[in-house]
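Each chain, written out:
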Amino acid sequence: ETGVTQTPRHLVMGMTNKKSLKCEQHLGHNAMYWYKQSAKKPLELMFVYSLEERVENNSVPSRFSPECPNSSHLFLHLHTLQPEDSALYLCASSQEGQKFNSPLHFGNGTRLTVT
Amino acid sequence: KNEVEQSPQNLTAQEGEFITINCSYSVGISALHWLQQHPGGGIVSLFMLSSGKKKHGRLIATINIQEKHSSLHITASHPRDSAVYICMNDMRFGAGTRLTVKP
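Chains D and S supply the protein sequences, listed in that same order. When the letters of the first sequence are read in order and numbered with the numbering used here, they come out as residues 2 to 116. When the letters of the second sequence are read in order and numbered with the numbering used here, they come out as residues 576 to 678.
Do not take every clue at face value.
As the list claims (entries may be wrong) - Not everything, but these chain D residues come out facing chain S in the computed CB check (under 10 Å):
1) L89
2) A93
3) S95
4) S103
5) G110
Claimed, not checked - Listed below are the simulated DSSO-like cross-link pairs for lysine-lysine, each with C-alpha atoms no more than 30 Å apart in a straight line:
6) S:K628 - D:K42
7) S:K677 - S:K628
8) D:K42 - S:K643
9) D:K19 - D:K42
10) S:K643 - D:K37
11) S:K630 - D:K42
12) S:K629 - D:K37
13) D:K20 - D:K42
14) S:K629 - S:K643
15) D:K42 - D:K23
16) D:K37 - D:K20
17) S:K630 - S:K643
18) D:K41 - D:K23
19) D:K37 - D:K19
20) S:K643 - D:K41
21) D:K19 - D:K41
22) D:K41 - D:K20
23) S:K629 - D:K42
24) S:K629 - S:K677
25) S:K630 - S:K677
26) D:K20 - S:K677
27) D:K37 - D:K23
28) S:K677 - D:K41
29) S:K643 - S:K628
As the list claims (entries may be wrong) - Looking from chain S toward chain D, a few residues come up when the C-beta cut is under 7 Å (computed):
30) F593
31) G603
32) S605
33) A606
34) M666
Treat the hints as calculated values from the structure; they're not laboratory data. The beta-carbon is built from N, C-alpha and C at its ideal position, and this holds for glycine as well.
Bound-form chain D, shown alone (with noise of 0.2 Å):
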């Protein structure tokens, strides 16, 4: 149990899908934070919330719509994707987000597969 949890672990979708991935955290933070692992990359962060705002977007495409109801649930909505978008998508979370010197907490992550 990381305490950060992701569904689905994995998700096949198709280019003209929308679909949302989900990460909660139960640890008290309040930061949480979207991650992109795609094949033979460097980890990239995505977008970073703190306290239930948006603190950071790295020029990400629109096609990825981020939304924190809450310091404890972070969506990713996802729309019109294209096949570079597979990849594994890592949600984190920390007790403070903007200085990135809280140490971070992983969810297992969810493998997405654009067809």
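Chain S: place on chain D using the hints.
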């Protein structure tokens, strides 16, 4: 250009060997993180440090702020240490070091 460089990319060791993984970065940091990723994708945070040295069991992490360099050491390595080790500097990640420890 990735501003966080790790070496080596791949490392194979015999059980019991002392392991060192290096990380260099080019910009100032709030903190440097060492992460461990097992097959299947799950990532565990091993260390977060902004100065000096930290130790947890057989793992030791050091950082030299002036030289912008950090090392992760594993003493008495074991096959269960086989994983990808990633250093992270604020928002930037190294490419990872794939460690395989053979019995």
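Hints versus structure:
no. : hint            : verdict
1   : L89             : holds, 5 Å
2   : A93             : holds, 8 Å
3   : S95             : holds, 9 Å
4   : S103            : holds, 7 Å
5   : G110            : holds, 4 Å
6   : S:K628 - D:K42  : holds, 29 Å
7   : S:K677 - S:K628 : holds, 28 Å
8   : D:K42 - S:K643  : holds, 22 Å
9   : D:K19 - D:K42   : holds, 25 Å
10  : S:K643 - D:K37  : holds, 26 Å
11  : S:K630 - D:K42  : holds, 29 Å
12  : S:K629 - D:K37  : holds, 28 Å
13  : D:K20 - D:K42   : holds, 24 Å
14  : S:K629 - S:K643 : holds, 17 Å
15  : D:K42 - D:K23   : holds, 23 Å
16  : D:K37 - D:K20   : holds, 16 Å
17  : S:K630 - S:K643 : holds, 19 Å
18  : D:K41 - D:K23   : holds, 25 Å
19  : D:K37 - D:K19   : holds, 18 Å
20  : S:K643 - D:K41  : holds, 25 Å
21  : D:K19 - D:K41   : holds, 26 Å
22  : D:K41 - D:K20   : holds, 25 Å
23  : S:K629 - D:K42  : holds, 28 Å
24  : S:K629 - S:K677 : holds, 26 Å
25  : S:K630 - S:K677 : holds, 24 Å
26  : D:K20 - S:K677  : violated, 41 Å
27  : D:K37 - D:K23   : holds, 14 Å
28  : S:K677 - D:K41  : holds, 23 Å
29  : S:K643 - S:K628 : holds, 14 Å
30  : F593            : violated, 25 Å
31  : G603            : violated, 12 Å
32  : S605            : holds, 4 Å
33  : A606            : holds, 4 Å
34  : M666            : holds, 5 Å
The earlier numbered hints that this structure contradicts are 26, 30 and 31.
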